[in-house]
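In the UniProt record's numbering, the protein residues as written are 1 to 635.
Don't read these hints as lab results, they were simulated from the structure.
Take the hints with a grain of salt, since some may be wrong.
Unchecked claim - When the alpha-carbon atoms are kept at most 27 angstroms apart in a straight line, the in silico DSSO-like pairs for lysine-lysine are as follows:
{"id": "1", "residue 1": "Lys218", "residue 2": "Lys155"}
{"id": "2", "residue 1": "Lys563", "residue 2": "Lys280"}
{"id": "3", "residue 1": "Lys155", "residue 2": "Lys274"}
{"id": "4", "residue 1": "Lys261", "residue 2": "Lys274"}
{"id": "5", "residue 1": "Lys591", "residue 2": "Lys577"}
{"id": "6", "residue 1": "Lys297", "residue 2": "Lys280"}
{"id": "7", "residue 1": "Lys218", "residue 2": "Lys274"}
{"id": "8", "residue 1": "Lys179", "residue 2": "Lys458"}
{"id": "9", "residue 1": "Lys296", "residue 2": "Lys307"}
{"id": "10", "residue 1": "Lys591", "residue 2": "Lys602"}
{"id": "11", "residue 1": "Lys280", "residue 2": "Lys306"}
{"id": "12", "residue 1": "Lys296", "residue 2": "Lys179"}
{"id": "13", "residue 1": "Lys209", "residue 2": "Lys379"}
{"id": "14", "residue 1": "Lys296", "residue 2": "Lys261"}
{"id": "15", "residue 1": "Lys179", "residue 2": "Lys209"}
As the list claims (entries may be wrong) - DEER-style ranges, computed between Cβ atoms:
{"id": "16", "residue 1": "Asp547", "residue 2": "Asp527", "range": "23 to 33 angstroms"}
{"id": "17", "residue 1": "Leu105", "residue 2": "Lys297", "range": "21 to 31 angstroms"}
{"id": "18", "residue 1": "Leu61", "residue 2": "Ser22", "range": "17 to 27 angstroms"}
Keep in mind it's a predicted model, so treat the numbers as computed, not measured.
From the three backbone atoms N, C-alpha and C, an ideal C-beta is built for every residue, glycine too.
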Amino acid sequence: RNPPPTLLHPEKWCRGFNHFISQCLIKDFEKRPSVTHLLEHPFIKQVHGKDMSLQKQLAELIQEQLHLGSIAKTRHERIHTRRSYHVDGAEKYSLDDDLVNLEVLDEDTIIHQLQKRYADLQIYTYVGDILIALNPFQNLSIYSPQFSKLYHGVKRSSNPPHIFASADAAYQSMVTFSKDQCIIISGESGAGKTESAHLIVQHLTFLGKANNRALREKILQVNPLVEAFGNACTAINDNSSRFGKYLEMMFTPTGAVMGAKISEYLLEKSRVIKQAVGEKNFHIFYYIYAGLYHQKKLSEYRLPDKKPPRYIDNETGRVMHDIVTKDSYGRQFEAIQHCFRIIGFTDEEVYSVYRILTGILNTGNIEFAAISSQHQTDKSEVPNPEALDNAAALLSIGSEELQEALTSHCVVTRGETIIRTNTVDKAADVRDAMSKALYGRLFSWIVNRINTLLQPDKNICNVENGMNVGILDIFGFENFARNSFEQLCINIANEQIQFYFNQHIFALEQMEYQSEGIDATRVEYEDNRPLLDMFLQKPMGLLSLLDEESRFPQATDLTLVDKFEDNLRCKYFWRPKGVELSFGIHHYAGKVLYDACAFLEKNRDTLPADVVVVLRTSENKLLQQLFSSPLTKTG
């Protein structure tokens, strides 16, 4: 069997090769040829068993081209000084779009590259499969329907980096491999995670175009509604997520969107009753106040028009001025009403939601005074019944019953029921616990209602065969001047995301290299598993110690910090000298000092049974429902 003197004419060979590759790259899996068909392709049949000859011939061809000096410059070798996105797709992928292409990969080089791109408003950059998104703090016109079409089922290298490309990659992988996908959005507070989640939902809704336009509209209204109740203004972010959100978008096997589901985690309920200096309560309180003011309905909901309720008042003294004069609050109230309507809430349900929210604001204004009597000095009463009556009326419960539940509690001993009175401080704690419980359960009910209204129609879709793309959007890592229980929970959640990220980017990838026998340089990375063990291990991890101390009635925040110091003997934990109620944690993102004041109370999160009993007597069906059933993460 003598080899042929020449294998193939170069041009003919290239045409055959290009045709074969184009067949392999057909995106539509229904039109893409199977492996069996590809093996029958003329190109494969011609080159089968001739790889050595081919290699030699290719080497000669390359040498010849180099010698002639006619090697063409490809578009990848151009360095652009100023690039912008073009809707017609003329602006293509460039080598500096992916940091993997950098010759030197150290922190300074990466930061310099990102800074250079940011100066050109190139806010998106790839690192392999990861997308880095820098917050431009301005509106960019790169999210229109034309851009959605640009990032639809095309190779990643066809266009500059974009968040739509990440959404498209997840969608195409789901459809092609019939496998659920997940997009994780992480970063510090204020980095732009919430906005990125919106854009991903927007593009997935576009990609999964169903005939049901109403469903698409509903899904797009979910985030704005949930964020009005779950987001707030903090010291570093005007629209900070104060809860963790996992949104699952459900698709049919052919890729049409058929429904959605939300799970919510760690809502920062303590914000309802108190905010740090320079921060605000949840957005919805300001929206509803402004909306009712402009509708001239404040008196119907027992809200004052001069002095704001205690729960939203702050040190600036401008709260009422902002509510009355800021157009944005009024517009947002109208937007929230629109969201409720589009998603499918009834007018009666929305009315009940407003009454509960304004009931919470009035509850915050209830004040207590001590009663001195011959036998007792620790008894409390409500000297001014106006706020009490307002709250009771809005919550559709008896005023006297509410006062009794706030100022006393029942204790059952040896089969006898004894009524014990509450001190002024205890009564105020019960009032605030009731407000937090009302808000937390209302938020969960809204999530549950959304899930019910957005679940796939079983008559049209076979849910069992469906697939989903999950989008995880949680609060970013936080380090404020004063960090409390909420920051600890947020930062532990971020540690878990960092661990997940490390596992997938480094650990699992390197294991795959080993299993395939690939000789690759081992990448060193900071493994935060020991730190997570310090938090999560049982029975000696930080959270277990916190739960254990919370069960002791005589425990204080000081005994808690002492317990931490005695048991958490590792390099990640320290206790500063001279500050009793402080402890420090060395997180993956840096050192954070925590103030342990109120840690035990926040962790216990107790709501006296007497309050639950009174709220269950409410004539408001929604309120009754909130306190009659246990709740899951999907409300």
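Against the structure, the hints:
no.	hint	verdict
1	Lys218 - Lys155	violated (30 angstroms)
2	Lys563 - Lys280	violated (33 angstroms)
3	Lys155 - Lys274	violated (50 angstroms)
4	Lys261 - Lys274	violated (31 angstroms)
5	Lys591 - Lys577	holds (16 angstroms)
6	Lys297 - Lys280	holds (23 angstroms)
7	Lys218 - Lys274	violated (33 angstroms)
8	Lys179 - Lys458	holds (21 angstroms)
9	Lys296 - Lys307	holds (16 angstroms)
10	Lys591 - Lys602	holds (23 angstroms)
11	Lys280 - Lys306	holds (18 angstroms)
12	Lys296 - Lys179	violated (52 angstroms)
13	Lys209 - Lys379	violated (63 angstroms)
14	Lys296 - Lys261	violated (36 angstroms)
15	Lys179 - Lys209	holds (19 angstroms)
16	Asp547 - Asp527: 23 to 33 angstroms	holds (26 angstroms)
17	Leu105 - Lys297: 21 to 31 angstroms	violated (60 angstroms)
18	Leu61 - Ser22: 17 to 27 angstroms	holds (21 angstroms)
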